[in-house]
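Protein sequences appear in the order of chains A and B. Count along the first sequence starting at 1, add 1, and that's the number in the working numbering. Count along the second sequence starting at 1, add 92, and that's the number in the working numbering.
No lab work stands behind these hints: they were computed from the structure. Glycine included, each C-beta is placed from N, C-alpha and C at the ideal position. Treat each hint with caution, since some may be false.
Said to hold, decoys possible - Which stretches of chain A does chain B cover? Using the computed rule of at least three CB atoms under 8 Å from a CB of chain B, they are: (1) 4-13; (2) 20-27; (3) 68-78; (4) 332-341.
Claimed, not checked - Covered, in the sense of this in silico footprint (three residues per stretch, anywhere, with C-beta under 8 Å from a C-beta of chain A), are these stretches of chain B: (5) 93-102; (6) 116-122; (7) 257-270; (8) 517-523.
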Amino acid sequence: MEENRSKLEHFCGRVFLIIFLLFLPIVWVRYFVLGPKGIIEKEYRGANALPILSVREFTKGDFDRRFEDALIDLMPVGEELKDFVLGTRNVFYKQLSWITINPNSGYRPIGNQVYTYNNHNYLLWHKSDDSFFNNVSQKAIDAANFYNQLPIREKYIYVVTVDRGVDFDHPQNNLVDKISEYYEGFQVDSLDVPDFETYMRFFMRNDHHWNYEGAYQGYKDVIKLILGEKEPIKQPEQKVIFNYSANGSKSRVGNFYEFDEKFTAYEFNLGQYTSYVNYEKEPYGAQDNYFNDPELRNGTGALTYGEFYGDDYKIIEFDFNQPAKKNLLLVGFSDTNAVNCVIASHFNKTFVTDPRKMTKKEFLDLIDDNKVDVLLLMPNTGTFADGSLLFKEQE
Amino acid sequence: MTFIFTFLPAILLVYYLADRKYRNLVLCIFSLFFYAYGEPKLVLLMIISIIANYYFALLITRYKKRNKLFLVLSLVFNLGLLGFFKYFNFGVSIIAQMTGLSFNLPIIGLPIGISFYTFQILSYVIDVYRGKVEAQKSIIKLGTYIAFFPQLIAGPIVQYKDIEKQLDDRRESVALFIAGVKRFILGLAKKIIIANNVAYIADTLYAQPIAEVSTTGLWIAAIAYMLQIYFDFSGYSDMAIGLGKMFGFNFLENFNYPYIAKSVSDFWRRWHISLSMWFRDYVYIPLGGNRCSKIKWIRNFLIVWLLTGIWHGANWNFIIWGVYYGIILLCEKLFLSKKLEKAPAIIRWLYTMFVVIIGWVIFRVEDLGALAITLGKMFGINGSFSLSLIFYDDFLLVSTLPYIIFGIFLMTPLIRKIYVYFEKKCLLLIPLKYVIYLGLFVLSVAFLLSNAYNPFIYFRF
């Protein structure tokens, strides 16, 4: 018996060791045999690329994080392993969900700080802590002071009210009053989300962005705010329901892919215009491709907000060649990507900038070099309160 | 991921392909690279420490009449560096508080692992001075000892005398390598699967405004932290010991199921054993230990525990923590142990766990005001026994409670005892054991991939 035990231990130990040692270089074997992964399908994003090993890159400070992120994406069956962990966790969450029910609230946590509300099939973040809105950050105040001093005649601010900005158990909107305290001389408006039914109408089921209806409402509100009731509103030519699944940020954060919906968008006929992305003449976004290319229009798979409407850039310019109309300077984030072109169709030239990617000096030079008549700020409730509107000092 | 799938296979390949006489060089270079990866600029500090202490030891050996001078220089150099990087900011804040002045000084960053490798260096130099070990003539071997990557970041603190012979003459073997891999996987699983998940509860609850956390919540946070620090630290020790075995080294154990201890004295014989031994050998015994008058013995004891607290962190709560244990241990040695021996085992265990948990709360909450409120609330002052923060506000807290239960189960040697009992009766357990180890490894990797919460609390040292 002892001899058998010893032999079995010997044999099993060596098999175990061989398997372990074969496992160690698996990431690099995959890399050199099959090449880098292009897309992480389940998460609908490009794979992180391996950073170049150089002294400069190494001493930048984030080489190790980028290398780690790239290795995670290179891992064979990595997506399946992630799926297993997160999926098992979600199944477990559902079994325990009865423990979390607060009878006084419609919010139902399902994991990873994601919630549903009143058992609707919609994912949302919980409203941010009250102190986030009651004690606006110094950076937000600095941002307001910066914009207040700009030598532009007409100034507007339109805030996209997102889920973090509303407590659906006790919805109230004093956001316009609060913003007016800081932005002197601005006309202020916000996307009105008085209840959860309106939220579901205006926002994507599993992403933090507004959907086609919310974006259209935002466009209408902005035009009314800046140009008045008499300005004709562009009507969509049609509503297109694609076969793509719209899988957004809230699904990805916890593998909540069952909260799915078809990607839907309004198609507009905006006439002729020229667009520049970071000063290069090129189309912005992929909307036209998806509407006009039959293969894309009828495609399946996943489609994200950013893939369809366009990414965030330092500067995007739309030139509608309407010299009788005003020039607009629009400062915003990804929410504007769905509406920047249709808003621009009411102006001559429109410059869309992202404060996260542009320096203060570049922004001021942009104003000096172009005849800017109208300034429009379009943060959401989060980016307003945390001061993201403030341009960075340097690259 | 980088360590497991890049660094480890690379070093294993180069090490085992290299001729035996170059293997320490391989370890030294890779260890310095390992350190540089996390601290690209401060690796120079480590290299300077290696070179300086190499010469200090040689000078101590060569100039016997002045060896005390060189020892003192070495102590000043090493403790000076440790004091500067670890305690400068704390010292400045004390002066500022006492004088009311404000200083516009840069914050000094703490080099990773400086507390660990400084103590290793000191053990070497002091043992050379005492004549217990020969001064290492090879700077490479000394560098390997000081910078050896498995225990560089989080211990165990390896005394030079325990590794001296292994630097010169060690024999790697398949059996030892297999044992090392198993130990490494165990440590990885402890850290990634248990520690990281119970950390979430502790960190989330301690991050809340203290007024919003109930008494129940604070006790759960304390228990979660107790488990976090054990599985985190012992996990890293297991990984270090396992990695050492892969290269033919045998390090001493650093933990021995501390949470089954039935007295605080016993707890400290099981927790961070290498640190206790270091303080015993290089502070307590040189001060006289217990071979002196009672007053001096008490003094020696309290000095050791004060220093133990200071070693753990540059803040008042760590000092209080050290003194807390010093007083309790003194009480046990003076009169409490005799009384405890008469109590049932369960009472002794509960007493020990109570003392340890309160100790961890002192260790965790660095702000003294918040600490006072936290401890008060834990004993019902302005507290409530509501479960609301735990159950209603973040589901993730509920879902990680099973890790607490699992952790409590695993902190005992029960599984090992069950396995050892059945292994004798059933041969099938042998292959099953290896399947479980592989499964744990894959599961740990899966958890890493899913970007589970991955803090490492002992990096501050």
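Item checked: Non-conforming hints, listed in increasing numerical order -> 4 and 6
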